[in-house]
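Listed below are the residues making up each chain.
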Amino acid sequence: GQQLNQSPQSMFIQEGEDVSMNCTSSSIFNTWLWYKQDPGEGPVLLIALYKAGELTSNGRLTAQFGITRKDSFLNISASIPSDVGIYFCAGLFTGTASKLTFGTGTRLQVTL
Amino acid sequence: GAVVSQHPSWVICKSGTSVKIECRSLDFQATTMFWYRQFPKQSLMLMATSNEGSKATYEQGVEKDKFLINHASLTLSTLTVTSAHPEDSSFYICSASTDVGYTFGSGTRLTVV
Numbered sequence: 001g002q003q004l005n006q007s008p009q010s011m012f013i014q015e016g017e018d019v020s021m022n023c024t025s026s027s028i029f030n031t032w033l034w035y036k037q038d039p040g041e042g043p044v045l046l047i048a049l050y051k052a053g054e055l056t057s058n059g060r061l062t063a064q065f066g067i068t069r070k071d072s073f074l075n076i077s078a079s080i081p082s083d084v085g086i087y088f089c090a091g092l093f094t095g096t097a098s099k100l101t102f103g104t105g106t107r108l109q110v111t112l
Numbered sequence: 001g002a003v004v005s006q007h008p009s010w011v012i013c014k015s016g017t018s019v020k021i022e023c024r025s026l027d028f029q030a031t032t033m034f035w036y037r038q039f040p041k042q043s044l045m046l047m048a049t050s051n052e053g054s055k056a057t058y059e060q061g062v063e064k065d066k067f068l069i070n071h072a073s074l075t076l077s078t079l080t081v082t083s084a085h086p087e088d089s090s091f092y093i094c095s096a097s098t099d100v101g102y103t104f105g106s107g108t109r110l111t112v113v
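So the sequences go chain by chain: R and D.
Quick note on our numbering: the first sequence kicks off at 1 and runs consecutively.
Quick note on our numbering: the second sequence kicks off at 1 and runs consecutively.
Treat the hints loosely; a few may be bogus.
What the hints assert, rightly or not - FRET-style restraints, in silico, Cβ to Cβ:
hint, chain 1, residue 1, chain 2, residue 2, range
1, D, V3, R, N75, 25 to 33 Å
2, R, F93, D, E87, 43 to 51 Å
3, R, I28, D, E59, 18 to 26 Å
4, R, R60, D, S83, 46 to 54 Å
5, D, K20, R, L55, 41 to 49 Å
6, D, E63, R, Q109, 20 to 28 Å
7, D, P86, R, E54, 38 to 46 Å
8, R, R60, D, A72, 37 to 45 Å
9, R, P39, D, S54, 30 to 38 Å
10, D, T17, R, E54, 28 to 36 Å
11, R, Q109, D, L68, 36 to 44 Å
12, D, E52, R, E54, 39 to 47 Å
13, R, P39, D, T80, 39 to 47 Å
As the list claims (entries may be wrong) - Straight-line Cα separation of at most 20 Å, EDC-like style, residue types lysine to aspartate or glutamate; simulated pairs:
hint, chain 1, residue 1, chain 2, residue 2
14, D, K41, R, E41
15, D, K14, D, D27
16, R, K70, R, E54
17, R, K99, D, E52
Just so you know, these hints were derived from the structure itself, not from any lab.
Ideal Cβ placement from N, Cα and C applies to all residues, glycine included.
Can you make the complete structure from the sequences, with help from the hints?
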């Protein structure tokens, strides 16, 4: 199936640093979702974006829905050890078959 | 908030046997649920869309006779891996659409020996 291109693939950062990751698609979406997955668990929704250009924050997380509707980014400020995990973007084009398309994932490691 | 409960969290079975995985929406009704498979260090790949009261819709390349899906009520969908083989070992995750997005279960780690 289709996957979105997510970058970077992995990141090693120090505690306190800011993180930025993005997701691009060849297709347009009308909803972008960002999830975090811990080992052995299902993804947990972090932020949902519903409108092109929308900028939304959730605590230290900020995400934006690209104007072209083909991309989105997620920023994490002042990273902490519990930010470790895999972050996935997911795009949705609502219609008769409203299926999520997932990004390839960004693995985040935070060192003290 | 909307909670999706998945059971079991892990299962080990012998090759050739069948395994059933349950996905329940605990505090909402889900007419549609989704089943994903995730191999180590990879993303989630949609296997099928489960529709309450009707047949599931399978993604290209997913064998419907091997991965049986039943969605008999608005709060329960089941995935049965029939005649499991070692290559079916994977992490299976269900999800349901809610008013705040798509909520996922905690996943089932299937190991076929």
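Hints, one by one, checked against the model:
no. : hint                         : verdict
1   : V3/D <-> N75/R: 25 to 33 Å   : holds (28 Å)
2   : F93/R <-> E87/D: 43 to 51 Å  : violated (32 Å)
3   : I28/R <-> E59/D: 18 to 26 Å  : holds (21 Å)
4   : R60/R <-> S83/D: 46 to 54 Å  : holds (47 Å)
5   : K20/D <-> L55/R: 41 to 49 Å  : holds (43 Å)
6   : E63/D <-> Q109/R: 20 to 28 Å : violated (37 Å)
7   : P86/D <-> E54/R: 38 to 46 Å  : holds (45 Å)
8   : R60/R <-> A72/D: 37 to 45 Å  : holds (42 Å)
9   : P39/R <-> S54/D: 30 to 38 Å  : holds (35 Å)
10  : T17/D <-> E54/R: 28 to 36 Å  : violated (48 Å)
11  : Q109/R <-> L68/D: 36 to 44 Å : holds (39 Å)
12  : E52/D <-> E54/R: 39 to 47 Å  : violated (32 Å)
13  : P39/R <-> T80/D: 39 to 47 Å  : violated (26 Å)
14  : K41/D <-> E41/R              : holds (13 Å)
15  : K14/D <-> D27/D              : violated (34 Å)
16  : K70/R <-> E54/R              : holds (13 Å)
17  : K99/R <-> E52/D              : holds (16 Å)
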